[in-house]
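S.K.: Residue numbers (the numbering used here), protein chains in the order written: chain A, 1 to 218; chain B, 1 to 246.
What the hints contain is simulated information worked out from the structure, not anything from laboratory work. Keep in mind that a hint or two might mislead.
To give an idea of the interface, some chain A residues facing chain B are shown, with a C-beta separation under 8 angstroms as derived from the structure [to be verified]:
| # | residue |
| --- | --- |
| 1 | W21 |
| 2 | Q102 |
| 3 | W178 |
Computed beta-carbon distance windows for the label pairs [said to hold, decoys possible]:
| # | chain 1 | residue 1 | chain 2 | residue 2 | range |
| --- | --- | --- | --- | --- | --- |
| 4 | B | Y145 | A | E91 | 36 to 42 angstroms |
| 5 | B | D137 | A | L46 | 55 to 61 angstroms |
| 6 | A | E91 | B | A59 | 36 to 42 angstroms |
| 7 | A | L76 | B | Q188 | 40 to 46 angstroms |
| 8 | A | V154 | B | I99 | 50 to 56 angstroms |
| 9 | A | F73 | B | E142 | 45 to 51 angstroms |
| 10 | B | Y145 | A | F192 | 30 to 36 angstroms |
| 11 | B | N116 | A | E91 | 23 to 29 angstroms |
| 12 | A | L76 | B | W236 | 24 to 30 angstroms |
| 13 | B | K4 | A | W109 | 29 to 35 angstroms |
| 14 | A | V132 | B | I99 | 55 to 61 angstroms |
| 15 | B | L140 | A | S94 | 44 to 50 angstroms |
| 16 | B | E143 | A | V66 | 27 to 33 angstroms |
| 17 | A | I123 | B | A141 | 19 to 25 angstroms |
By construction, the Cβ of each residue, glycine as well, lies at the ideal position given by its N, Cα and C atoms.
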Amino acid sequence: MTIDITMYVRAPSRISAYLDWLQMLTGAGLILFMWSHMIMVSSVILGPGVMNALAEFLEEYYMAQVGGPIVAFIFLLHFVLAARKVPFRAEQQSTVWKLSRQLRHTDTWLWMIQAFTAMIILIMGSAHMWTVLSDFPITAAKSAARVQGGFWLVFYLILLPMVELHVGIGFYRIAVKWGFIRRKGRKGFKRFENILTAIFIVIGLVTLARFWFLALPK
Amino acid sequence: MGRKLKFNIFRYNPQDPDSVPHTDTFQLEETESMTLFIALTQIREEQDPSLQFDFCCRAGICGACAMIINGRPNLACKTLTDDLPAEITLMPLPIFKLIGDLSVDTGTWFREMNENVESWVHTSKTFDLEAEEERMDNSLAEEIYELERCVECGCCVAACGTANMREDFVGAVAMNRIARFMMDPRDQRTGSEYFEVIGTDEGIFGCMGLLGCEDVCPKQLPLQDQLGILRLKMGWSAIKHLFRIK
Ligand code: HEM
Ligand code: SF4
Ligand code: SF4
Ligand code: FES
Chain A
1 MTIDITMYVR
11 APSRISAYLD
21 WLQMLTGAGL
31 ILFMWSHMIM
41 VSSVILGPGV
51 MNALAEFLEE
61 YYMAQVGGPI
71 VAFIFLLHFV
81 LAARKVPFRA
91 EQQSTVWKLS
101 RQLRHTDTWL
111 WMIQAFTAMI
121 ILIMGSAHMW
131 TVLSDFPITA
141 AKSAARVQGG
151 FWLVFYLILL
161 PMVELHVGIG
171 FYRIAVKWGF
181 IRRKGRKGFK
191 RFENILTAIF
201 IVIGLVTLAR
211 FWFLALPK
Chain B
1 MGRKLKFNIF
11 RYNPQDPDSV
21 PHTDTFQLEE
31 TESMTLFIAL
41 TQIREEQDPS
51 LQFDFCCRAG
61 ICGACAMIIN
71 GRPNLACKTL
81 TDDLPAEITL
91 MPLPIFKLIG
101 DLSVDTGTWF
111 REMNENVESW
121 VHTSKTFDLE
131 AEEERMDNSL
141 AEEIYELERC
151 VECGCCVAAC
161 GTANMREDFV
171 GAVAMNRIAR
181 FMMDPRDQRT
191 GSEYFEVIGT
201 DEGIFGCMGL
211 LGCEDVCPKQ
221 LPLQDQLGIL
231 RLKMGWSAIK
241 HLFRIK
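Start from the sequences, fold in the hints, and give me the full structure.
M.R.: The structure is reproduced here in C-alpha cells:
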C-alpha cells in the first residue's frame, strides 16, 4: 500500500548539489594528480638521475612536503563523498550484484569495479602515501630498494591496475554524468578511455621493471 | 523451420497465500515472426490459462508489456523470438508492485512520480477557450516531442542500479519529464522551483551515471543527454545561488 499524504515538507536545500560538485572536483583533481604522478615516477625510465633531479626540485621548493598532505586530504575527502554512493547494506549489495549479473551491462559492471577498486585503493593508497611521505627525500635508489625487496613489488603490482581502472572509469563517468560527452560521442570516448588506461598500466609496469633492474648503490 | 523454444517463466500470485515464487517451464514451437506477445498468448491458451501478463496495444505504444527478458528489461510485444536464443527466461519488472506472474502495477508508481515532479504545465494564465493557440517554434516543438515519446513502460527504472538500491530515487523517466517541461516556454516555473523538485539526492544528484536507462529504453529516448544537461544546469543553479548571482 502506498501512502499518499506527505507529512512534512522538506526545506529546500542545495547541499546535494554542492556535495556532488565536490565529489566530481576531488575526483577530477585526483585524476590530474595521478597523471602527473605517473609522469614523475616514470621519469626513472629515462634514468635515475632524471627522477632524482625532479624529486629534488619538488622538495627544494617544498612542493612535495606541502603537496603530499594536500593530496592525502583530497584523497580522504573524495573517499568520504564518494562512499555516500557505495552500498554498505547487505541487502543493497545483493540487489546490485544480482542486477549486474542479470543485466549483462558494461557500464553497470564498470561501476561495480569502481566501487570495488575504491576499497582497495583506500587501504593500499593510504599505506603507500604513508611510506613515501614519512621517508623524505624521495630518491630513485630508495624506491628501487623497496621494489627489489619483493613485498612492495607485489603491492604495486596490485595497486597499479586498481588505481588505473578507477581513474579511467572515473574519467569516463564524469564525462557522461555531467553531459560533457553526449550519446553520439559515448562509444568513441569509451574506447579512448580504455586505450588511455592500458597505456598508463603499461607505463607503470615498465617503471616497476626499471626499478627492479636498477643497480643499487652498495 | 520451427525451433523448439523453452520458456522459463516466473510464477507467483501474491493474492494466494499458498502460492510460492517459482519457475514454470513451457515448450513451444516457434512460428514465423513470433513475438513474445504471440508466444505468451499461445501458452496461456493452450497450456496454462492461469498465466498472468499484461498487453494492450501490441505495437510498442502503451508500455504495458515490459518485462525482464533473458535478464534485460524490454517490451515483450516488440521482441521477436527470432532475436533470442531457444531458451527464454521471463521475469516481472523489479521495483514495481507485483500483481501476479509477469504482471506488475506500473500505474501507481508512475502516477506518484508524475505527482512528485509536478508533471504538468505551470502557468498563471487563464485558459481562454476562444483564443487561438499560442504558436511554438517548430524545431522546439519537435525537441519537446522527442521527450514526450516516453511510453512509461518502466524499463529504465528496472535497469537502474540506483533505483534498485534506493526506493526514493525518482529514476531517469522522471528527469526526462522535468527536462520536457523545462524546455516548454509555457511552463512558468523558475530555475529554483525546478531545483527544489529535482536538485536532490533523490533526483539528479543521486544518479550515478550507470546509463542502464539509456541502454534499455525501448523507445531510445535520449536519457543520457537529458541527465547530463540536467545535472549541469542544476549544478550551475546551485553555484549561482551560492554566489548570489541572479
Ligand atoms: C587515486 C585516488 C582516486 C582517484 C583518482 C579517484 C577518482 C574518481 C573519480 C574521477 C570518480 C568519478 C566521480 C564522479 O562520478 O562524480 C570517482 C568515483 C568514485 N570514487 Fe574515486 N578516486 C580515488 C580514490 C578513491 C577512494 C580511496 C575511494 C574510496 C572509497 C573512492 C571511491 C569512489 C567511488 C565509490 C566512486 C563512485 C561514485 C559515483 O559514481 O557517484 N575513490 N573516483
Ligand atoms: S524513458 Fe524509455 S524506458 Fe523509461 S519509461 Fe519511458 S519509454 Fe520506458
Ligand atoms: S544513468 Fe544510471 S543511475 Fe542514472 S538514472 Fe540512468 S540507470 Fe539510473
Ligand atoms: S503491449 Fe503496448 S507496448 Fe507492448
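S.K.: Look at each hint and say if it fits the structure.
M.R.: Comparing the hints with the structure gives:
Here the hint on W21/A is kept, as its CB sits about 6 angstroms from the closest CB of chain B, short of 8 angstroms. For Q102/A, the suggested interface contact is upheld, since its CB lies about 4 angstroms from the closest CB of chain B, less than 8 angstroms. Hint status for W178/A relative to chain B: holds, with the closest Cβ pair at about 6 angstroms, below 8 angstroms. Separated by about 40 angstroms at the C-beta atoms, Y145/B and E91/A satisfy the suggested range of 36 to 42 angstroms.
Taken as a hint, the range 55 to 61 angstroms holds for the pair D137/B and L46/A, whose Cβ atoms sit roughly 59 angstroms apart. At roughly 38 angstroms, the beta carbons of E91/A and A59/B sit within the given window of 36 to 42 angstroms. Restraint check, L76/A to Q188/B: a C-beta distance of roughly 44 angstroms satisfies the suggested window 40 to 46 angstroms. Checked against the hint of 50 to 56 angstroms, the C-beta distance between V154/A and I99/B comes to roughly 55 angstroms, which is consistent with it.
Distance hint check for F73/A and E142/B: the Cβ-Cβ separation is about 49 angstroms, which falls inside the suggested range of 45 to 51 angstroms. In this structure the hint that Y145/B and F192/A lie 30 to 36 angstroms apart at CB holds, the actual value being about 33 angstroms. In this structure, N116/B and E91/A meet the distance hint of 23 to 29 angstroms, their C-beta atoms being roughly 24 angstroms apart. At roughly 27 angstroms, the beta-carbon separation of L76/A and W236/B lies within the given 24 to 30 angstroms, and the hint holds.
Here the CB-CB span from K4/B to W109/A is close to 32 angstroms, well matched to the stated 29 to 35 angstroms. A C-beta distance of roughly 60 angstroms is found between V132/A and I99/B, which places it inside the suggested range of 55 to 61 angstroms. Range check, L140/B to S94/A: about 45 angstroms between beta-carbon atoms, so the 44 to 50 angstroms window is met. Between E143/B and V66/A the C-beta distance comes to about 50 angstroms, which lies outside the given range of 27 to 33 angstroms.
Under the hint 19 to 25 angstroms, the C-beta atoms of I123/A and A141/B, about 55 angstroms apart, miss the expected range.
Violated hints, in rising order: 16, 17; the structure is consistent with all others.
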